[in-house]
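S.K.: One-letter residues, chain by chain:
There are 4 protein chains.
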Amino acid sequence: MLLSINYGVYDMMIVGGSGSRHLAVKLSRLMRIDLLDVEVRKFPDGEIYVNFLGDIEGEEVILVQSIAKQPNDLLIEFIFEAKTLRDLGAERVIGVIPYIPYARQDTRFKPGEALSIRIVAEMIEWSGINELYTIDTHLHRLKGLEELFSINVHNLTCMRELARYVIKNFKLNEPIAIAPDEEAKQWVRVFSEEINCPYAVLEKRRISDEEVELSIKDIEVVDRDVIIVDDIISTGGTMAEAVRSMKKLNARKVYAVCAHPILVGDALYRILKAGAEAVIGTDTIESPISYVSVAPLIASAILKRERG
Amino acid sequence: MLLSINYGVYDMMIVGGSGSRHLAVKLSRLMRIDLLDVEVRKFPDGEIYVNFLGDIEGEEVILVQSIAKQPNDLLIEFIFEAKTLRDLGAERVIGVIPYIPYARQDTRFKPGEALSIRIVAEMIEWSGINELYTIDTHLHRLKGLEELFSINVHNLTCMRELARYVIKNFKLNEPIAIAPDEEAKQWVRVFSEEINCPYAVLEKRRISDEEVELSIKDIEVVDRDVIIVDDIISTGGTMAEAVRSMKKLNARKVYAVCAHPILVGDALYRILKAGAEAVIGTDTIESPISYVSVAPLIASAILKRERG
Amino acid sequence: MLLSINYGVYDMMIVGGSGSRHLAVKLSRLMRIDLLDVEVRKFPDGEIYVNFLGDIEGEEVILVQSIAKQPNDLLIEFIFEAKTLRDLGAERVIGVIPYIPYARQDTRFKPGEALSIRIVAEMIEWSGINELYTIDTHLHRLKGLEELFSINVHNLTCMRELARYVIKNFKLNEPIAIAPDEEAKQWVRVFSEEINCPYAVLEKRRISDEEVELSIKDIEVVDRDVIIVDDIISTGGTMAEAVRSMKKLNARKVYAVCAHPILVGDALYRILKAGAEAVIGTDTIESPISYVSVAPLIASAILKRERG
Amino acid sequence: MLLSINYGVYDMMIVGGSGSRHLAVKLSRLMRIDLLDVEVRKFPDGEIYVNFLGDIEGEEVILVQSIAKQPNDLLIEFIFEAKTLRDLGAERVIGVIPYIPYARQDTRFKPGEALSIRIVAEMIEWSGINELYTIDTHLHRLKGLEELFSINVHNLTCMRELARYVIKNFKLNEPIAIAPDEEAKQWVRVFSEEINCPYAVLEKRRISDEEVELSIKDIEVVDRDVIIVDDIISTGGTMAEAVRSMKKLNARKVYAVCAHPILVGDALYRILKAGAEAVIGTDTIESPISYVSVAPLIASAILKRERG
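Chains as they are written, first to last, in the numbering used here: chain A, 375 to 682; chain B, 375 to 682; chain C, 375 to 682; chain D, 375 to 682.
It is possible that some hints are incorrect.
Which copy? The list can't say, so a pair holds if one copy fits it or any two copies do.
Stated by the list, open to error - Below 27 Å or equal to it, Euclidean Cα-Cα: the simulated DSSO-like pairs (lysine-lysine) are:
id	residue 1	residue 2
1	LYS678	LYS545
2	LYS647	LYS416
3	LYS647	LYS443
4	LYS484	LYS416
5	LYS484	LYS647
6	LYS578	LYS678
7	LYS591	LYS443
8	LYS443	LYS678
9	LYS578	LYS443
10	LYS545	LYS559
11	LYS647	LYS559
In case anyone wonders, no lab produced these hints; they're calculated from the structure. All of these numbers come straight from a predicted model, not from anything done at the bench.
Just chain A, same shape as in the assembly (with noise of 0.2 Å):
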């Protein structure tokens, strides 16, 4: 299906940044087009050192870099990697940023606190790219990426993918999908219209100062097997507790999905200790729990684009 493509005007490359390696050389490989290879070093004194190995004049090129677990390092890899794109003749840089850090920091908590979504989206907008691509970003008390961006971005969802990989590889019972808190409600409806179940939203209840209770309103869980959604896993410890609660609730089987497997420290330990039979993320980030690519995702959404 997508070799019958007619590119365009203008030849494509695809280069990938040291936080999205691998997922450049699989978008490359279904996009069928030409990979660029670009060199980055650490020096011993912290400084990186990017250099491109292919000539980019007139060129349009697709730049991937994810921008997460040391995510200033490769933060400024990607602004050395745009500016220099743009510097070397690039006609057009398309950024692919799967993971935007810093989304959780969009309002002021404290009257001193930096706003660092903003600066963040920015800093990304003046390296010079034309068009953003990202996937499932937080977005909590913004409404959309427009209010932070004014170049096109386009914020894709992999929910409909996670949807049909648990399909696929696990025998549900009476499926039901589940939202740890109010902020992920925007993903679980898209999964579970994929997977065709209902939904709900967990509610925290505090029972004392010390203890917390989370349940769900007007839907038994008793013997269904129930999936939680998120956007991103940290450092698990939400998604343990959403396991944990469904469990006590005698749920059958609990899944745990996300977008955004960040995975620190013993995050996945924690939600299998609680009871989850399966964890399941994509590749957003690199992680052993990377089961779904959204290389397939992005590839058509830029195709898609390039052909309108």
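Given the coordinates of chain A, work out where chains B, C and D should sit on it, guided by the hints.
M.R.: Showing chains B, C and D alone in chain A's frame:
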């Protein structure tokens, strides 16, 4: 002397980012201006958090942040801090970056390389600071920092401070100052002026494929005390080689002096093992050899300008 | 099948150190034995803290800890854990170290070198474990792990598991298995047996000072699917070179397979860029290519012995 | 004075591990004994490599290695070095570990905790060193290092050296030395003896659930110079709190003094911000406040014993 200064129409505050905490305290005490506190933390996922603890509205703020060792973390932190200070209503932000990183990547050695220092300079300027003070920034192919910045930038030299420290602490015998290479001539010239001694530049002569000889023309070092002067000691390779060559030429005592002691890994050990009597640097980067403080230099440059 | 086992006279528990958290959960579920929890934290000064959460007195405990990536941190943690288990009254401690580090430093290439693997083996034994299970430990100059340990040590191979995964997931065309060097022959032999295909060893031929040619004798790879098999993928250099040479010889598809996916830096990218169709490893080290679990292998080896 | 020493029947060499490179050079110059070089590298997979460059057969070797900051890396390195020195035929190995880590984990606060210091001490002894020198090892519940080691161990104190530095460099007004807590009494007593001033121990009094008050009994600090003395400054919390309480009680100038400047994160800044005039430490751990060297102390202790 510093006490009699009239600070002008608006108040000044000083804040140190995590790259120059110590130096900010010294400056606040020396300049007798308030120390503004900023909370900087790193979350488990690698994102940093910046929070100013004080009222900034209408103030002129000096933001001190050396950007060495984890330069990308500290650069992003600086951007967050400068942008947030403006956002919170600071009237003016004076940036003090004692060590500017990436200065050695000032040309394209290979056609696809990032011109890192140009991008970093643009980024610093884009952060919104009104003026910049820095110390002995490595300038090789560039003539001045004016080629990189359009805001006012003051490239101060700490070479006289270093020279005075050496005179005061060591009994020198017919001293001679040495630049380990052509680039270091700019610093050794100022240094030797203050010491009031001659200077020379080491020359490399290739003896065979494997061997290089360092020598100096027209000058005898036998039984003289030699001070080798450079801007940066990073891995210590250049400095150790220079020290060794001077010992071979039968210099009496050899001292190694630099502005910026990055001191990666075994740097100090390598130089001492090569035969150096002592290794001396400043506090542009906090290190075990930061015997000389650049605080008075920066304080008087800023105060002079404020009054001017 | 695993369910009908009689566990014998004393109870068994399993605990995973921070190098093998995930694997310990899999083993506990597979073997139906209790998961013992251990809290492991790092203090700001770099010291680690180990705290077992459960009663160990009189128990037989399986301690699972792969020692890769930050091998020194994980080795010290293992020592703390094994010693503390004994100290708390564990009847027996079975060590499971899926990846033993330092195995490549098994001889003195220079007269002053540490024989690291001997010291590490002594240290593991000194920790007080009663028995050791490990997976495909790199043995080059040593004939068996018996030369390193006096306790019972079981060096299991996961090569049959890897082979079965490859057969199940890829449609192979006249497959041939390849060892990238002489040391890897021991693994490729077992692997090819399970696949039921021939195998060969790559030979290095020096063409000039700069160039090396990899070739195989007496065997044709044109249009055949090639599976390159090694124990470890670290920087990926050896594997990428082997893949490239097979593509040059016009192999059809080339697969890269290993037991231990350490995957330093760009390793995966280098191998894919060289032309590999897929890269497959196990979960001895958690990684994005840990498609095959060694849990069943370890479980059945331990249970067989317990019953024996 | 040190020059007239007769070194006895066998030669001595000194070697510094990567935790004490600088200190080993100082000791070799002071003791006029040969510096043995050891190459220590870290491979990309995190394993370390140790290689001695020199003939060790029949020699007595002093191995200097402070074990702070990345204690596990440096502990493993120490073990590799000590074992290898014996393996290469060293007649005797004298271990000098200026800072021994894990000393604060000397009891079980919870029933499942590792008694880390006991295990670390056993490991150090197991490395095969014949004798151990260390500086002000934190002893709280233990009475002496003899409870941990069966080899000869010398726990030297650097408190007199620190006191002499303070006397020489600061003009003190009716000085008083303060221990921030009961544990620190052992150090402040020696320190105050050398300064010839009184000392006191801070007492904690809980005012409310949130508030703690630090106070001293029977002693007035108004307008007196106060020197707070502790063994370790790690995060700086204890020291900063003590400084603040002394400033509140209207002490004139407050100095913070310690043996081991670990200085995690913002430690120095916190103490200065609390109002300290200066912060002083030794070079048991190389830091920006290592104003006092323990080299003469160690040299004379070893030489005294050699002659004894």
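S.K.: Evaluate each hint against the coordinates.
M.R.: Hint-by-hint comparison with the structure:
no. : hint               : in the structure
1   : LYS678 with LYS545 : neither (34 Å within a copy, 32 Å between copies)
2   : LYS647 with LYS416 : between (37 Å within a copy, 21 Å between copies)
3   : LYS647 with LYS443 : both (23 Å within a copy, 24 Å between copies)
4   : LYS484 with LYS416 : between (36 Å within a copy, 17 Å between copies)
5   : LYS484 with LYS647 : between (35 Å within a copy, 22 Å between copies)
6   : LYS578 with LYS678 : neither (42 Å within a copy, 47 Å between copies)
7   : LYS591 with LYS443 : neither (36 Å within a copy, 45 Å between copies)
8   : LYS443 with LYS678 : neither (31 Å within a copy, 41 Å between copies)
9   : LYS578 with LYS443 : neither (29 Å within a copy, 39 Å between copies)
10  : LYS545 with LYS559 : within (24 Å within a copy, 41 Å between copies)
11  : LYS647 with LYS559 : within (25 Å within a copy, 39 Å between copies)
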